[in-house]
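*Asks:* Here is how the chains run, residue by residue.
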Amino acid sequence: MARKTECLAMLLAGGQGSRLGILTKNIAKPAVPYGGKYRIIDFPLSNCVNSGISTVGVLTQYQPLELNDYIGNGQAWDLDRANGGVHILSPYQQIKGTEWYKGTANAIYQNINFIDRYNPEYVVILSGDHIYKMDYNKMLEYHKEKNAACTIAMLEVSWEEASRFGLMILNDDNSIKEFEEKPKNPRSNKASMGVYVFTWSKLREYLISDEADPESSNDFGKNVIPKMHQDGERMFAYLFDGYWKDVGTIDSLWEANLDLLNPKVDLDLSDTSWKIYAKTPVSPPHYISAGAKVQNSMISEGSRVYGDVDYSILFNDVTIEEGAEVKYSIVMPGTVVKKGAVVQYSIVAENAVIESGAVVGKSPEDMDNRDDWGVAVVGAGVNVGEGAFVAPQTQVDTDVVKEGK
Amino acid sequence: MTGKNIVGIVFSNAHDECISELTGIRTMGSVPFASRYRLIDFALSNMVNGGIEKVGVVTKANYQSLMDHVGNGKPWDLSRKNDGLFILPPFSTNEANGNADKLGALKGIQGFISRSTEEYVLFADCNSVLNIDIEKLMDYHSDKNADITIVYKNGKIPNLTDVIVLDMDADNKAKKVSVSPVTDENVNYSLNMILMKKSLLERLLNDAVSLNYTDFEADLIQRNVAKLNIYGFEAKGHSFTIDSMQSYYKANMELLNVENCDDLFNPERPIYTKVRDNMPAIYGIGSDVKNSLVADGCIIEGTVENSILFRGVRVEKGAVVKNSILMQGTFVAQDATVNCVVADKSVVITPNKTLSGAENYPVYIGKEIVI
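So the sequence lines, in the order shown, correspond to chains G and S. Note that the first sequence ends on residue 763 in the working numbering; no numbers are left out. Note that the second sequence ends on residue 514 in the working numbering; no numbers are left out.
Just so you know, these hints were derived from the structure itself, not from any lab. For each residue, glycine too, the CB sits at the ideal point set by N, CA and C. Take the hints with a grain of salt, since some may be wrong.
[Claimed, not checked] One side only, chain G facing chain S, incomplete, derived with CB under 10 Å: (1) L618; (2) K637; (3) V663.
Build the full structure now, drawing on both the sequences and the hints.
*Replies:* Here it is in structure tokens:
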């Protein structure tokens with residue numbers, strides 16, 4: 359039996375993130391690279407450690423290989439602990455058979471034994487899909503203060519966007535009056551961030567009864583939380599007012615990366631009091647040549663820049679050759695952009711090669727019809743041949759050659 | 144022979160005196176180098192890449208920064224249940240126990256040596272920067288049936304007091320060994336990476352005690368040139384021996400040549416160092432960076448040319464940094480100018496200040512000094 363732990367976190371990292379297309383062909387969404395050296399999951403994991411939560415279960419299901427390898431024993435996040443630490447929880451065979459995680463609630467249900475080992479008072483449920491820095495401990499204190507069964511972190515979003523989210527209508531004491539799931543005409547702009555604190559004894563009961571309900575799709579948002587509300591449990595919203603971004607689509611992933619270059623955006627990764635940890639590759643410092651031109655960009659170790667880089671993010675070990683141009687783009691580890699190639703408004707995944715004279719993506723200003731514009735994506739290991747063109751809004755996961763060649 | 148059969152011994156304080164500015168507060172091994180490394184990273188990484196699993200780091204003084212850097216050896220994969228990294232602090236306060244005096248240092252760790260079960264020992268100092276294939280060195284040692292193999296480089300002899308210079312026959316067997324001879328010619332000088340059987344080392348150390356020898360180079364190596372098979376093994380690729388502040392500066396600047404950088408940071412044999420969890424470097428609007436090596440965590444809004452920037456350096460708008468080495472956390476404020484400067488950790492250059500050294504005489508600014 360492990361030592362009693364007041365609060366542990368369960369991180370839902372099994373999602374495919376199908377709207378990220380070829381970027382999640384071989385990896386789960388939380389393993390998608392972000393911000394020059396991070397992966398999405400570094401944010402919730404670092405938040406846990408920085409909040410003093412040192413027991414974290416990571417629930418994996420879809421393409422877990424890279425994610426498991428990345429997390430390892432958790433040392434990069436200081437989560438290799440004698441008591442607790444990080445645990446990868448994959449679906450496993452049980453006496454009554456083997457089941458995949460059917461829904462978010464079912465994933466936690468299947469790991470009740472894991473949670474019980476630590477006999478916690480509270481459980482934080484997180485997802486591996488969001489970029490934000492948050493002190494879960496403050497939320498936990500709030501949960502205790504309110505003597506709540508469930509506390510849901512919420513964020514005020516713009517009214518135009520509100521209909522994309524699960525919304526909450528609140529009473530004066532911030533207790534939850536009503537839920538609205540992606541309504542056409544929103545009556546609230548208070549969106550759920552997918553971060554929950556539960557009193558474990560309560561959640562445990564509800565998970566068991568939810569599992570027994572054949573009608574349920576075993577999902578927190580659709581089933582467990584509405585049921586708790588219906589039963590009159592004490593449920594509160596906790597207001598968060600920092601940067602938070604769901605990186606569920608190619609465009610939002612692209613934007614969230616470029617947000618790092620916008621001084622007006624409230625996401626400071628240089629803050630030493632709330633570090634975001636990551637597994638750091640072993641690479642020498644990056645080199646900017648005498649002929650290079652770098653403006654408003656983020657560059658990671660091992661990269662070599664001989665060409666022009668503007669408003670872009672280069673991960674480690676990227677090479678931008680002489681005369682090549684990279685702008686408004688994200689270039690992931692090990693990729694080479696050869697002489698005279700242009701990469702713009704694009705995401706180029708790992709170890710791709712953009713041959714000389716090739717063009718990836720297009721500026722929205724150069725489009726005949728702005729509606730046809732979108733971020734171009736080059737998949738991992740893809741070779742974009744000499745003089746070839748990757749159109750905006752397209753994703754390529756096989757080699758591309760110049761038309762007519 | 145495989146790396147498993149070798150115990151590595153790194154002398155962290157050797158030649159401290161030659162860059163006393165930098166080693167006043169640290170060991171030679173913990174002197175920052177090449178934007179994100181410490182000199183000991185090269186010795187440790189070379190050994191680990193060669194399969195060595197046990198390394199003793201001999202310390203003498205000022206080793207707090209070294210302990211902080213190497214920790215339990217995890218970044219080099221030397222945090223092991225069996226073997227791994229051993230910090231060997233000075234055993235007694237005998238003045239002979241320095242590692243400037245290598246023999247004294249070895250006597251001080253005789254217990255560590257005799258308890259090691261490995262068949263061979265490999266020595267390394269920290270002031271020689273190189274990336275060497277230890278497996279090739281091992282094969283060479285066996286092929287030549289050598290008693291002692293010394294890694295050397297051909298060039299001008301470093302300005303140090305105890306440099307072994309080899310005079311070799313066509314087969315690279317040493318005919319004559321001299322110690323720091325005065326000469327302007329190119330010579331084959333030792334990079335102080337030396338491989339021998341542990342049993343031979345123990346015998347030499349016992350002789351040294353009974354015969355009251357005091358000098359590693361003269362008494363253990365030079366004196367035995369006729370009796371032992373001493374071979375030279377040439378270090379290929381870029382290497383540099385630091386013997387002064389000027390040469391420290393030059394050793395850094397030579398890495399702005401990409402070929403040198405590729406040699407030293409050969410991805411087949413990576414150089415490991417302590418992880419710092421900085422964000423990637425940020426280049427602001429209006430920044431102008433040319434021919435420079437930059438580490439993670441830097442924020443650059445000004446001009447940087449021909450320089451080596453360590454982690455977390457800030458160069459504000461209008462500031463100009465040229466031909467300089469700025470260590471971790473240096474802050475160059477608005478409109479300040481530095482040229483040919485070596486700034487130690489966390490130096491602050493306040494707005495509008497100008498500091499300039501010369502390429503053959505860089506200005507050194509001590510740790511945490513505010514100018």
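*Asks:* Taking the hints in turn, state whether each one holds.
*Replies:* Status of the hints after comparison with the structure:
Annotation: interface hint on L618/G holds; nearest CB of chain S at approximately 8 Å, less than 10 Å. The interface hint given for K637/G is met, as the beta carbon of that residue sits about 9 Å from the closest beta carbon of chain S, less than 10 Å. At about 9 Å, the closest approach between the beta carbon of V663/G and any beta carbon in chain S falls short of 10 Å, and the interface hint on this residue holds.
Checked against the numbered hints above, the structure breaks none of them.
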